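Just so you know, the protein sequences line up as chains A and B, in that order.
FYI, in the numbering used here the residues of the first sequence are 1416 to 1985.
FYI, in the numbering used here the residues of the second sequence are 509 to 869.
To be clear, the hints were calculated from the coordinates, so they are not data collected in a lab.
None of these values were measured; they are calculated from a predicted model.
Each residue gets a CB set at the ideal place from its N, CA and C atoms; glycine is no exception.
Take these hints with a grain of salt, some might be off.
What the hints assert, rightly or not - Under 7 Å between C-beta atoms, here's a sample of chain A residues computed to sit facing chain B:
1) 1873
2) 1878
3) 1897
To be verified - Straight-line Cα separation of at most 27 Å, DSS-like style, residue types lysine-lysine; simulated pairs:
4) B:642 with A:1874
5) A:1624 with A:1559
6) A:1798 with A:1884
7) B:541 with A:1884
8) B:606 with A:1893
9) A:1870 with A:1963
10) A:1874 with B:606
Said to hold, decoys possible - Computed Cβ-Cβ distance ranges for the label pairs, DEER-style:
11) A:1726 with B:681: 54 to 62 Å
12) B:706 with A:1787: 41 to 49 Å
13) A:1594 with B:736: 54 to 62 Å
14) A:1787 with B:582: 29 to 37 Å
15) B:619 with A:1972: 47 to 55 Å
16) B:732 with A:1607: 38 to 46 Å
17) A:1449 with B:708: 49 to 57 Å
18) A:1603 with B:618: 56 to 64 Å
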Amino acid sequence: MSLGIANALSVSSGGLRLDRDDWLMRVLLLALIAWLGVTLIMPIGWLLIKSFQDANGVLVGLRNYVQYFSTPALFESLWNSLFVATLTTLIVIPLAYAYAYALRRTCMPGRGFFYSAAFIPILAPSLLPAISLIYLFGNQGFLKDWLFGASIYGPIGIVVSQIFYCFPHALMILVAALSIADARHYEAARSLGTSSVRTFTTITLPSTKYGVISAAFVVFTLSITDFGIAKVIGGRFNVLATDIFKQVIGQQNFEMGAVVGFVLLIPAVVAFGVDRWVQRKHVAVLSSKVVPLIPKPKKGRDTIYLLVCCLTACLILVILGMAVWASFVSRWPYNLALTWANFDFSNYDSAGWHSYWNSLKLASLVALFGTVIIFVGAYLTEKTRGFGVFKGIAQFMAMLPMAVPGLVLGLGYIFFFNAKENPLGFIYATMAIMVINSITHFYTVGHITAIAALKQMDKEFESVSASLKVSLMRTFAKVTTPICLPAILDISIYLFVNAMTTVSAVVFLYTSQTRVASVSIIHMEEAGFTASAAAMAVVIVGTSALVKLIHWALSDLLVRHTQGWRGRRI
Amino acid sequence: MSVVTNDYLRISHVSKSYGEDWALKDVSLSIAKDEFVCFLGPSGCGKTTLLRIVAGLETQSSGMIYQNGTDISDLPASERDFGIVFQSYALFPNLTVKANIAFGLVNQRLKRSEIDRKVSDLLNLVGMSLAHAKYPSELSGGMQQRVALARALALSPGLLLLDEPLSALDARVRSHLRSEIRKLHSRLGVTTIMVTHDQEEALTMADRIVVMNEGKIEQVGTPQEIYSFPQTPFVANFVGTSNRIVGKVCSPRSVTWGGGQTLACDLPPTSVVGQSVHLAVRPEHVRIITERSCDNTLHSSVHGIEFLGPYCRLSLHLSPDSPALLADLSTEQVGQLQLTIGSPLFIQIPRERIQVFEGHA
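So that you can see chain A by itself, here it is in the shape it has in the complex (with noise of 0.2 Å):
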């Protein structure tokens, strides 16, 4: 095996010899296929494998499977799981961009402000809306008789849940779709007298047409595999990510939460799929030498935009806002004086403040290394010279994750890490798994976003330094990453924050002692202390908050101080 490691890297760059840099970089590389093999595949094809076995792990073949297609409780699910996400990505796709529509293309006032109000839930546990919308419609909530008799709990809470938590991953792609533009096309339009409508259908849908299926798969993937908002609002009501959580937890039959686990990966990676043939296709139709389109006031439709932002952002206060209230409540709905008594996690939750301490740690863990990580990943997949194969490998591992829901990463993870004969098996049960499961688990964005920012620099940065007989190492340390700087700071942020707030990543990995504040959540709900559950949630919205406003101001004082050589040039 160590003789044909040797012979992959030295299958030179078409001829020439290796440098110190190639042999360096090539070494990385498969450094990092290894680690993506161990922390990403390794553990999926224990689950698989698993799906395949009996409790004595004994090779049954397609039995589990058979069982679990006969159980119909269990197969119901499929379908509420399929339901309810497409029913989720059906609303949120239009109202994400009638709302992006509004950000890029009208002149409506309060832009800015209705830009960071569709932003706030990213910043919360997809817990949060959940909870919030048990003390609006639940059985003691005040709005309750505006659902004429219907439960919130079932696939309606679920659905405006998930609105709520995968409408601002939509509206990102949106917005990003609808600002770009070349205004030549909207004015041979107008010149040739086109109706607005036709305006529309021909150009503008057409030019966003592939972030509009990339954000449908995304709130999609979202949707089908999140796990919390089921968790606390889907009562009776059965889905694949709560069946998982059932059958390990529950009743401990690991091989059916394994073969739950494969099925809830199949509509996940056909999404993966579907998105990454169609995104192929996509060729950028505009140049460098675009005229952008700047809107222009039109009082009508400025004032139709403002109608649909208000309304919308006005529900997303309104679920926070719930959450922040009932958080400060002393007693729903019997004494509403307001007490800090909820914040005493203690009191409610074995684990009390600790678990989030926890959080903070996992979350900073996360930021750290896994940016190292994704960014010296994206470096050596985007650089290294020649090795294609192996740059291809690497590429593919590191858009997987993507595909793979948190739940079932953390089963395979349970799988694969307590095997009796897995060497790595004593990072089980500590903090380091719950670390490694999260970077593993966000790993696609980050990489997405190296990439891109790599992509942007000078092509021949490297070849330069070849010529003036620069190690790589010292150009990656005094070119590379200060050009990329808020890049990586976007990629440690996003991490932070998917961290602190994640639950499905983490449900099955933590020990008493390494429990985080999400779990925590879920836990003092489930013991009826919902005050305290939606305490600390706030706690994680606020800490997400400030967090990413430490961002912004670092950011800003970054630009400040580089203006000098970033200039004019992006």
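Given the structure of chain A, go ahead and fit chain B onto it with the hints provided.
Same frame as chain A, but now just chain B:
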């Protein structure tokens, strides 16, 4: 097995293919020490690929490269001896002009004072002594290119490679930098290869021009040779403008073409009567005469006049069914002759100005 030769750089039978496509086909070339050579050709002719292969930034599919007597064919770029300037300059945007130029020097274990001295020497050399604390984005394109040049020269490389260094600049800056680079070269005497698609650039700057087309070398020669004695129809057309005439050999010393005109020209001894040949005549070599006196006098009429400032380009019809012939005339002469569309005109094509290409049908 090294080959004893006086050439500083020798490219021997270099080919480069991408799957089925050939970017370079069996290219051989020698470059003498201190020479300034231009690779000239249209985009996609393989000139940049050849330059990058010399630098070790790309790998030839086959063939050898020798620099200063040693075989460098399989050396990685970092172990070759060259400095390079790119069309995009590729200056490090987050480093000052000084740090950019010192980037390679810092690795050479020089004393700080030594580095400072070298950097200021280099800045003086490219006429940028006041800019050392600036960032690239604060400089104009022409200034950035000078900094890139200084950086490439910092390690005193044996070979300077310039990849379309001037094409991102506007016309005035370009012609100024042209002569600057030329002066720099005669001062430093560093062997230089410059890639360009601009024939004027190549003609004014190079000691020798290598004209390339479709992955092959068409002709190598001094600017005068390339311009006056193009060896292929491609060169005749790519460098300067030529009238292309397709005719048939009608006697050992003449060719008929178009509407039956006969041109006396110096045919190669191998040509046979009836064979078709390509002739090329530059517009400025077409003479206007007042009477039918000597060889190759033709009668024509003015079909179009294009005003180009100091001179005019006439398009002439010799007979209704022959293609137009271009002739350059000073604007003053056009005025004197009171030429307008339809004016009849006697022209003469001196036989020594006719280039004959055999075997290019």
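Problem - Numbers of the earlier hints that this structure fails to satisfy, in rising order - result: When the structure is compared with the hints, numbers 5, 15, 16 turn out to be violated.
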